[in-house]
Amino acid sequence: MSLGAALRVTRGLSGLLPRLPPRWGHGRACTPPLLLAQQRSNSTSTKIKVEFDPSSGVAVMRLQSPPVNSLSLDFLTEFCISLEKLEMDKSCRGLIITSNQPKVFSAGLDILEMYGKSPERCGEFWKAVQEMWLKLYSSDMITIAAINGSSPAGGCLMALTCDYRIMADQPRYTIGLNETLLGIVAPFWFKDTMANTVGHRTTEMALQLGLLYSPSEALKVGLVDQLVPEDQILSTATQTMTRWLAIPDHARQITKSMMRKPTIDRLASNREADIQNFVNFITKDSIQKSLRTYLEILKKKKA
Amino acid sequence: MSLGAALRVTRGLSGLLPRLPPRWGHGRACTPPLLLAQQRSNSTSTKIKVEFDPSSGVAVMRLQSPPVNSLSLDFLTEFCISLEKLEMDKSCRGLIITSNQPKVFSAGLDILEMYGKSPERCGEFWKAVQEMWLKLYSSDMITIAAINGSSPAGGCLMALTCDYRIMADQPRYTIGLNETLLGIVAPFWFKDTMANTVGHRTTEMALQLGLLYSPSEALKVGLVDQLVPEDQILSTATQTMTRWLAIPDHARQITKSMMRKPTIDRLASNREADIQNFVNFITKDSIQKSLRTYLEILKKKKA
Amino acid sequence: MSLGAALRVTRGLSGLLPRLPPRWGHGRACTPPLLLAQQRSNSTSTKIKVEFDPSSGVAVMRLQSPPVNSLSLDFLTEFCISLEKLEMDKSCRGLIITSNQPKVFSAGLDILEMYGKSPERCGEFWKAVQEMWLKLYSSDMITIAAINGSSPAGGCLMALTCDYRIMADQPRYTIGLNETLLGIVAPFWFKDTMANTVGHRTTEMALQLGLLYSPSEALKVGLVDQLVPEDQILSTATQTMTRWLAIPDHARQITKSMMRKPTIDRLASNREADIQNFVNFITKDSIQKSLRTYLEILKKKKA
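As they're listed, the protein sequences go chains U, Z and F. 146 is the number of the first residue of the first sequence in the working numbering; add one for each residue after it. 146 is the number of the first residue of the second sequence in the working numbering; add one for each residue after it. 146 is the number of the first residue of the third sequence in the working numbering; add one for each residue after it.
So that you can see chain U by itself, here it is in the shape it has in the complex (with noise of 0.2 Å):
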């Protein structure tokens, strides 16, 4: 990765990662598919926090993994225990996904689960971002992205997944899948949300490049819906909400399925092959280079 591109990256996140994560270099043990199970029951969430309001069917999701809400493992575990909550309470038809970190919708995938680690483990990990964006592009319930901060790469992703898409109207905040500026490759379901949304020419130009979008260039492509001011994030997003309840719930959600499954599918049924690919790609001494030298150059950033 050129150091014009390295740049690019962290002025595009300039404020993002004022705090480096405290496991740092870290392992994390495996989590096994009987233990996740038993978290399931008895898990008390700590950086998803879940509000649900039985009178209005609506729950808000609040990010809050400091410092910003990087996608890491255990994030996107969380996540996906939280989410599978909401979708089995038949009660929950609608929502509404923020953040609680200043500045920062997410930061999207976090690099320390892709640099350093064994294939098993990135193979784990690539399968929880995979899980993530099945659950919420296929889910049943309404869901709106209220992005009151920056929002790249994996973080655009989740936005791209949601129904609606409300952003706060701050000059600042940047949002796009710009994941060739590190030297890694968006994944073809990455690919097929982000076209599904903006088509296949901005798309195109977008991915190439890295682009990352202000508010006004990300509405003005329709990469989001809708800009408000960061104060009034929560309010739009729930008037919204009113507006999609007052749509039969079976027609609407058999309407989304029409909509997206053809595009879930490709994924659905080439999971494996989707994770052997990037296991083989993210191991590569070339990107894992081009990773270390991103991560040094937020570590002086930070210093």
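What you were told as hints is all true, and nothing was included just to trick you.
Partial chain F-side listing against chain Z, Cβ under 8 Å, derived:
hint : residue
1    : Glu324
2    : Thr325
3    : Leu326
4    : Gly328
5    : Ile329
6    : Ala331
7    : Phe333
8    : Glu349
9    : Gln353
10   : Leu354
11   : Gly355
12   : Ser435
In the DSSO-like style, the derived pairs of lysine-lysine whose C-alpha atoms are separated by at most 27 Å in a straight line are:
hint : chain 1 : residue 1 : chain 2 : residue 2
13   : U       : Lys230    : U       : Lys192
14   : Z       : Lys230    : Z       : Lys406
15   : Z       : Lys446    : Z       : Lys434
16   : F       : Lys336    : U       : Lys406
17   : F       : Lys447    : F       : Lys434
18   : U       : Lys272    : F       : Lys406
19   : Z       : Lys336    : F       : Lys336
20   : Z       : Lys336    : F       : Lys365
Keep in mind the hints are simulated off the structure, nothing from the lab. We treat Cβ as the ideally placed atom computed from N, Cα and C, and that holds for glycine.
With chain U fixed as given, assemble chains Z and F onto it according to the hints.
Same frame as chain U, but now just chains Z and F:
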């Protein structure tokens, strides 16, 4: 279906259903194919008026089935017969479709054909809806919709199936695939036709919310191609037709087929499954209940 | 083809064909593959001038086949050889394509290659057109079209096949796939390339009507990405290239391939059928007659 949604529907259709069809709730004998074939040669169409001008090679088809050009089985049968006659007449190169009813182009599928009917009858009806779309979307003629009134649901489909759409610039008129508002679902080929016109994202949101667009909104998203004052709609359609007639027919027809064949083939190779899918869905108790609620609201509105 | 259509073509191409090619109506010996391979090593290209700057890693390819850079078999053969040489030179990362002829980028496929030729020769020609597209659309290099003149039909295809399009803001210039105006049909991969750029609906209407867009119209529908005064076109292309060069090559190339491979594979796996299809169509009496009419109009215009 929630009352809020039902009210939105009636608001969207305000003024569209001043009188209920006289056959309200009555059955209709099934037309066997043989009889249909005989009708073809000696039918005097009453629901559709066709004027063909041999000097220009252009036919104008006026929909005149009071009160709102609902797409009943009778109407669709007449429509397909008229279309096929024009298609077989090689001197007819262009077709303009417009309405002779005030304020409405077509109110879409006749709900009375879907409520309280036998599965066989529902299947026959759906086959006729398919036939209308297949014939019109693959027509060798240049087809222009002169949308001189509201055009919800199946009425919107009919317009989308043409080559070009001119709409009257009257803010009270609306157009869109609003099926979800009634608790029903636009089938995949309605969705494909809309996505081919306005793209995946606009379609996803419009179909989930059952959006009805004003003329200026419809122009903005590309659902229609041009707005003109209502009294200029036919003259504009005629002028536009002249421009299309300047293109060599053979090259234009091959080009049109290349653009549309993949979409047409998806239904053509799945007609029986699509009929079965519709019949199973529409005859469900919950869906019948939604339709009854909707019909009762229309009745009250009328009273 | 109607006279009206023919006149529109000539209007669209006005000034593009001041002189007819000197080889008018003459045959050309078929180049066997062996000879082609020999040419590769010692050809001195006359129709295409390539300047490569090793310090920037950027090559500029100037089309200079008088009068209008028609895509003849000779031209296409030189183009592919030049492209392949640059592609194999790993120090060449970017390519700018522009014209050395006044007022025209490229007038598209050479009609003389399609009129009065044997089926074998037509097939050879079509294979070269395919080759140009396959090589350019899948190029690992960053490709920028600096469109400093009109660019109808095959000229538009060449521009669409690049990664980025900058057009001279000169209202007399036009760009578009206008094949139907000549009574011929853009093949599916022309259509796919355009749809990937401007979407299905714009493509459907543009191809049916053979639309030629002014620069500002082309920008509006997304056919080109940027307009600049004609004298700034190369400097703008160079600045744009710098931005693209900042992206790590490997990640950008994989991303580009992910976006374009499905489209490329459709032709790559159907080349022979596509050639046969073209030959059958173009050698029809009716099509040959259309081409003759068109050529006669051009001749008269010249006289």
